[in-house]
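Visitor: Fit chains H and A to the known structure of chain E by using the hints.
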Amino acid sequence: MQIETHKDTERSLFAAPPMGEQERMVEAILFATADAVTVKELNDRLPHGSDAAEALVHLRKRYEGRGVNVVKVGDAWAIRTAPDLGFLMQKETVETRKLSRAAIETLAIIAYHQPVTRAEIEEIRGVSVSRGTVDQLLEMEWIRFGRRKMTPGRPVTFVVTQTFLDHFGLESARDLPGLKELRAAGLLENRPPFGAMPQMGEGDVDAEEETQEGQSELFED
Amino acid sequence: MQIETHKDTERSLFAAPPMGEQERMVEAILFATADAVTVKELNDRLPHGSDAAEALVHLRKRYEGRGVNVVKVGDAWAIRTAPDLGFLMQKETVETRKLSRAAIETLAIIAYHQPVTRAEIEEIRGVSVSRGTVDQLLEMEWIRFGRRKMTPGRPVTFVVTQTFLDHFGLESARDLPGLKELRAAGLLENRPPFGAMPQMGEGDVDAEEETQEGQSELFED
Amino acid sequence: MSDATADGFDTTVADRLAAEALIVDVDGFEGPLDLLLTLSRTQKVDLRKISVLDLARQYLAFVEQAKALRIELAADYLVMAAWLAFLKSRLLLPPDPTEEGPSGEELAAHLAFQLERLQAMRDAAAKLMARDQLGRDFFARGLTQEVERVRKIHYTATLLDLMQGYARTRTKDEFRPFVMDRDKVFTMEQALERMRGLIGFAGMWTDIATYMPEGWDVDPVRWRSATASTFAASLELAKEGKVELRQSDTFAPIELRRREGR
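Residue numbers (the numbering used here), protein chains in the order written: chain E, 1 to 221; chain H, 1 to 221; chain A, 1 to 262.
Errors might be hidden in some of the hints.
Claimed, not checked - Below, a list of computed lysine-lysine pairs in the PhoX-like style, where the Cα atoms sit at most 20 Å apart:
(1) K127/A with K98/H
(2) K91/H with K40/H
(3) K61/E with K61/H
(4) K40/E with K72/E
(5) K40/E with K91/H
(6) K91/E with K40/H
(7) K98/E with K152/A
(8) K127/A with K180/H
(9) K152/A with K91/E
Simulated from the structure, these hints should not be mistaken for laboratory data.
Here chain E stands alone, though its shape is the one from the complex (with noise of 0.2 Å):
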């Protein structure tokens, strides 16, 4: 069929095609061409007697909610992907990396204190904490407002997610493992200024033996 239309353009050589042959050509057109088309280059290369732009509506029309559309871009036309399809054109790819020392120890510091505000958090580690790393931390959802301080200025709180939980495979933030414990285990040492041990570390005392069954658990996967 489409060689017997072609047929037809050739025989009477001076009869424009009909519009869907014409629709047809400017579709082409439109697709090969590298650049954006004008009505005029269109009508410089179609077949005498050709109307571009009556195409041009048609194929338009034709392509409205397609995965491609046929736009104007400035006096000239051109087919481009549909706005919502931008995505497709986008391969992602996920890169894993090891959160920054200043990010770790803040959310350490959020998951043994919480909740606890940004001024605790400096207080605790001596130096302020950028923005950054906090945005960072609230970006991954491993950290979250927690209720504000009853003291002046009713400071906001920070305290850990359930993402966090899961990520680090504990039930709840009182199942971290206090220092004591870590050392217990033999798997660091350090020489923690007296009295400053958490609150959390130190209700595990007695369960000792518990815990670093717990411990080895946590620290074998």
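Guide: Using the frame of chain E, we list chains H and A on its own:
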């Protein structure tokens, strides 16, 4: 059956977009590139649970008789302008390197006899194949190395590529013009020459059975 | 070779002229098989019905002409000529039953097959090149859109990272590889040093417990360590002959006295 398993996976996770949407997405992806895209690549880029193969069936139908067509190139798909509209594209025509008669013949022999060794090509043409000829075809990405023959010396073989199929508008090597007739006439058989015959290349006499197996594998699946 | 010469005379004038035309164009042939294929066209029959005998005669006439015109032919043309002469003799003579190998008919059939196959490939090549071609008759997308690579970074940390991070903030100290915590250990060297300084005053029997270091009695762990090292140091001093030890009863206090006279 493939479709079924696909649907099973999709049900368990996220719902795949409706087929109409999948078709739009495939349309957008195919329009965005000059290269043919494999079904696997399409599925990788579509939302989880999509079925590019089915979407392609619909899309191909949609573009039947249009100015551009959805064409199959090996196991990949592409959009190409309708061949009858080539006359509109003088501007886009790319001057291809003129191939020598030797290169064209060598290409045809590889296409029809693949996988084929250099010795077999020489046997058919009656002259040695110059390195330049093969290099040119390799460089154009119209041929590539196939698997080695399981005959003494384990000679390399040549096969045609997807680029070759795309260039000549072939869905697969099975669609080579006149292939059936040639096979029926026994002209694609690798009949070994008798010992006393003058021959250019060392024919793979022992490879006869294996060669034919290779061909049927390629052309009959 | 006499056969070949005889055939040279047999050929018609037209054949000779044709052969001469070919010779002029000898560089245009891609080897003897190509030349044979061209010669076979003069028979104006289907390649399947070709007379290989006639073809052999034509080819040999061609080679003779070339020789007469003093045209250098490539070696493979001459190899083919020798082979065709052999084939011709086989085809003309009645088959010798004692002769091994393929018959003249079989060899001729294979040559015909080769020619037919070469011709078929040439036709196929022509058909292939006559097809619509990409970039000439049909076209790919002109305005391509690159697939943008978006790198998404996924941050991760382990529980140990968290622990170490916390410990760092609490101790303001880097973790060192595990070493024995010696805070609560009173070594024998320390005990010896301490006692050597004290035994000069021990003229009387005194409980070794009085030699215990100050401040180590608060923590039971430290107390145990100090007791053990003080006892071990006492034994060492006794061995050196500097002190005497006695114990009045099981679990009674161990007493120590400077040994006199040495």
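Visitor: Each hint: holds or not?
Guide: Status of the hints after comparison with the structure:
Pair hint K127/A plus K98/H holds up; C-alpha atoms about 16 Å apart against a cutoff of 20 Å. Straight-line distance between C-alpha atoms of K91/H and K40/H comes to about 34 Å, which puts the hinted pair past the 20 Å bound. A C-alpha spacing of about 18 Å is found between K61/E and K61/H, which places the hinted pair at or below 20 Å, so the restraint holds. Restraint check: the Cα-Cα separation between K40/E and K72/E comes to about 14 Å, which is no more than 20 Å; the hinted pair holds.
For the proposed pair K40/E and K91/H, the alpha carbon gap of about 15 Å is at most 20 Å, so the pair holds. Using a Cα cut-off of 20 Å, the hinted pair K91/E and K40/H holds, with the two alpha carbons roughly 15 Å apart. Taking the CA atoms of K98/E and K152/A, the gap is about 14 Å. The hint holds against a cut of 20 Å. For a cut-off of 20 Å, the pair hint linking K127/A to K180/H stands: about 14 Å separates their Cα positions.
For the hint pairing K152/A with K91/E, the CA-to-CA distance comes to about 10 Å; that is within 20 Å, so the pair holds.
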